[in-house]
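Novice: All chains, please: the whole structure from these sequences, using the hints.
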Amino acid sequence: MKLTAEGIDWTIQGHRLLNDVSLTVAPGETFGLIGPNGSGKSTLLRVLAGLRRPKRGRVLVDERPMRQMRQRDIARAIAFVEQQAETLDRVVVHQVVALGRTPFLSPLRPWSDEDDAIVGQALDDVDMGHLAGRLWHTLSGGERQRVHIARALAQRPRILLLDEPTNHLDIRHQLSILQLVGRLPVTVVIALHDLNQAMACDRIGVMEAGRLVDSGPPERVLTVERLRRTFGVQADFLDDPMDHGRILRFRHAL
Amino acid sequence: MNSSIALSPPVRLPWHWAWLAPPILFVAIMAGTAIGETSIPVETILKVLANQLWGAGYAVDRIDAGIVWNYRLSRTLLAAGCGAGLALAGVVLQALLRNPLADPFLMGISAGASTGAVAVTIAGLGAGTLTLSLGAFAGAGLAFGLVVLLAHAAGSGTGGGRGAQAAGAIILAGIAGSQLFNALTAFIIARSASAEQARGIMFWLMGNLSGVRWDDVFLGLPAALGGLLVCLWYRQALDAFTFGADGAAALGIAVNRVRGVLIGAMALVTAVMVSMVGAIGFVGLVIPHAMRFLVGSRHTRLVPASALAGAVFLIGADVLSRILVPGQVLPIGVVTALIGAPAFAMILVRGTRAQ
Numbered sequence: 001m002k003l004t005a006e007g008i009d010w011t012i013q014g015h016r017l018l019n020d021v022s023l024t025v026a027p028g029e030t031f032g033l034i035g036p037n038g039s040g041k042s043t044l045l046r047v048l049a050g051l052r053r054p055k056r057g058r059v060l061v062d063e064r065p066m067r068q069m070r071q072r073d074i075a076r077a078i079a080f081v082e083q084q085a086e087t088l089d090r091v092v093v094h095q096v097v098a099l100g101r102t103p104f105l106s107p108l109r110p111w112s113d114e115d116d117a118i119v120g121q122a123l124d125d126v127d128m129g130h131l132a133g134r135l136w137h138t139l140s141g142g143e144r145q146r147v148h149i150a151r152a153l154a155q156r157p158r159i160l161l162l163d164e165p166t167n168h169l170d171i172r173h174q175l176s177i178l179q180l181v182g183r184l185p186v187t188v189v190i191a192l193h194d195l196n197q198a199m200a201c202d203r204i205g206v207m208e209a210g211r212l213v214d215s216g217p218p219e220r221v222l223t224v225e226r227l228r229r230t231f232g233v234q235a236d237f238l239d240d241p242m243d244h245g246r247i248l249r250f251r252h253a254l
Numbered sequence: 001m002n003s004s005i006a007l008s009p010p011v012r013l014p015w016h017w018a019w020l021a022p023p024i025l026f027v028a029i030m031a032g033t034a035i036g037e038t039s040i041p042v043e044t045i046l047k048v049l050a051n052q053l054w055g056a057g058y059a060v061d062r063i064d065a066g067i068v069w070n071y072r073l074s075r076t077l078l079a080a081g082c083g084a085g086l087a088l089a090g091v092v093l094q095a096l097l098r099n100p101l102a103d104p105f106l107m108g109i110s111a112g113a114s115t116g117a118v119a120v121t122i123a124g125l126g127a128g129t130l131t132l133s134l135g136a137f138a139g140a141g142l143a144f145g146l147v148v149l150l151a152h153a154a155g156s157g158t159g160g161g162r163g164a165q166a167a168g169a170i171i172l173a174g175i176a177g178s179q180l181f182n183a184l185t186a187f188i189i190a191r192s193a194s195a196e197q198a199r200g201i202m203f204w205l206m207g208n209l210s211g212v213r214w215d216d217v218f219l220g221l222p223a224a225l226g227g228l229l230v231c232l233w234y235r236q237a238l239d240a241f242t243f244g245a246d247g248a249a250a251l252g253i254a255v256n257r258v259r260g261v262l263i264g265a266m267a268l269v270t271a272v273m274v275s276m277v278g279a280i281g282f283v284g285l286v287i288p289h290a291m292r293f294l295v296g297s298r299h300t301r302l303v304p305a306s307a308l309a310g311a312v313f314l315i316g317a318d319v320l321s322r323i324l325v326p327g328q329v330l331p332i333g334v335v336t337a338l339i340g341a342p343a344f345a346m347i348l349v350r351g352t353r354a355q
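Going down the list, the protein sequences come from chains A and B. For the record, in the first sequence the residue sitting at position 181 is 181 according to the UniProt record's numbering, with numbers rising by one throughout. For the record, in the second sequence the residue sitting at position 108 is 108 according to the UniProt record's numbering, with numbers rising by one throughout.
Calculated directly from the structure, the hints in this document are not laboratory data. Check each hint, because a few of them may be wrong.
[What the hints assert, rightly or not] One side of the interface only, derived from the structure: several residues of chain B facing chain A at Cβ under 7 Å: (1) S192; (2) W233; (3) Q236; (4) A240; (5) F243; (6) D246; (7) G247; (8) A249; (9) A250; (10) G252; (11) A254; (12) N256; (13) R292; (14) L294.
The beta-carbon is built from N, C-alpha and C at its ideal position, and this holds for glycine as well.
Specialist: Below, the structure is given as C-alpha cells:
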C-alpha cells in the first residue's frame, strides 16, 4: 500500500511541530525517518497513523483520504508501534499481542482459531513465544518493545509505522527486528536514531524543526555536510572491507 | 515454537466455572430475603414466590408473605441491581480513564447525582422515580464533566495515564467535585426543604435500601441489565484501552464515540441507582479489583464477573446493615465504606509501589 502525506501542518499550544511536510512512500518500500530530538518524527508518525488529525494538509492511504476512512479500516491497513506505551493492568504477553486482532473482531465476530494462529506466529516472529504467559510488569523494556511489535504484526498490516523500535533492545534483537521488518512484504515507515541502521532503508527522510528537509536514498541524503548541519556532529564514512558497505564513524559534537 | 504452553497466568478461574454464576446469585438472593430481624425459612420464601408468580396457592403465614414479597425480596433484588450497576461503572471508568482509583463515588459522580435528585425532589417536578433519575443523570453528567476537566487542568491528561500522578489528579479533582456537589445539596436542603423532607433526604443520602418498592426494582434491574449489555457489547473496545486512548485509536477504536457511549451509559446507571438508594460508595472500586485477581483483566470475563460479584456484595452488605446493630438498620453506605475504605487503602499502597 502507498502512503502519502500532503502539506501536513500540526500545531499544539502555539508550537508548530510539523511544518508543511509532504512525502510519498511507495508500496513495499522501507522509509527511514531520522532527525534530532524534537524534530517532529514521532508527531509525523502519529499523523500518518491516523491518531492526530493534521491542522492542514492530508494523508492518503493508496489514493484514499484518511479523513474519509473509519478508524477501524485505518487500523486494518496500518499498524503503529509507539515509543514506550505502558500499562498498569495485570495483562499477560499473549493478551497484549491478541489486542492486535481488535480491528478484525466485533461483538458478533468473536475470537477464532485463525486469530490464535496469527497471534502465535507474531509471538514467534519476535522470539517471545516462550514468554506468552508472562505478566507485563515482569518484562524488561526490550521484551515489552518486542511484544508491542508482535501486537503490530498480529494486525497483519500492509503499512507498518515504527517509532524507534530498537530503542530498548539488545544488539541481537535490534538486528533480528530490523531483519524481520526488512523481510516483511509491507510498506514501512521507521523512525531511527541509529544512523548506521538507517542506511539499510530504501530511502530516508531527514526531519529538522518540524520540516522534512531532505529525502532520498541513504547514500545521497546522509552526507558529512548533512550530519554537521542537522545533527551537529563531525562524522566520517569508513568502508567496510567485508562487504564494501559504508559505516558512519562519529568524531565529536560541534 | 509452540506459544500456547504458558498461556494461563497465575490465579485465573477457567471458563467452566461460569456455570456457578446463576446458583451463586440465587443463593445470595435467597439469603438476602431469609436473613433479618425475623429469619424466614427458604421453604417459605419459595412458597411465597410460587404463590405470587404462578398463583400456586400454598398456605403461608400472611405476615411472612408480606415481609418476603413487599419488603425483603424487592429490596434484595434492587441491591443486586445496584451492586452490579455500580461495579460495572467502576470497571468502565477504570478502563477508559486508565486509572486504578476511578470509581463513580470517588469521582464525585454519585455526589452530582445526589444533587440532581435532591434538586428535583425539592423543586417538586413530580416525585416519580423516572424524573428523579433524570435529575440525577443531569447532576452526574455535570459532576463528571467538571471532575475530568479539573483533573485535566491539574496537568495530567485522562488519556495517557501517567500512573500515580494521573491517579492522584483524578482523586483530588473528585474530592473537589464531591465537596462542591455535597455543599450544593446541603444548600438546597437548608434553603428549601421542610424539616421532615430534610430528615428523609439526609437518611437517603447515606445510602439506604429501606422503603424500596417494586416500582424501583422495575427501573433498577433493567438499568443494571442494560448497563451489562452495553459493557459486553463494547468488551473488545474496553480491552483496547489497555495502552491508553492512543493505543485504542491505533487498534481501530473510535475513541470519542466509544468513550461517550460508555461513560454516558454508566453515568445513567449510576444516576438511576443513586436516585433510588442514595450514594453507595466503594462498590465500583473494590469489586473490579477483586475480580481482576480472580478472572484476569480481559473484559469478556471481567464484565460479567464484576456484575455478579457487585450484586452479591451489595446483597451481603444489605444483610449486614440489617443485622449488625440489633433492632436498627444501618445505612448500607456505612457498611460498604467499612469494607471499602481499607480495600481502597490497599489499592493505593500497591499502586504506588508498582510505580
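Novice: Against each hint, give a clear statement of whether it holds in the structure.
Specialist: Evaluated hints:
1. S192: At 44 Å from the nearest chain A Cβ, S192/B fails the 7 Å test, so the hint is violated.
2. W233: holds (5 Å)
3. Q236: holds (5 Å)
4. A240: It holds, given that the least Cβ distance between A240/B and chain A is near 5 Å, below 7 Å.
5. F243: This hint holds: F243/B lies near chain A, its Cβ roughly 4 Å from the closest one there, short of 7 Å.
6. D246: holds (5 Å)
7. G247: holds (5 Å)
8. A249: holds (5 Å)
9. A250: At about 5 Å, which falls below the 7 Å cut-off, the nearest Cβ of chain A leaves the hint on A250/B intact, so it holds.
10. G252: This interface hint holds because 3 Å falls under the 7 Å limit.
11. A254: holds (5 Å)
12. N256: violated (10 Å)
13. R292: OK, holds: R292/B within 7 Å of chain A, min 6 Å.
14. L294: It is violated, given that the least Cβ distance between L294/B and chain A is near 11 Å, above 7 Å.
Comparing the model with each numbered hint stated earlier shows that hints 1, 12 and 14 do not hold.
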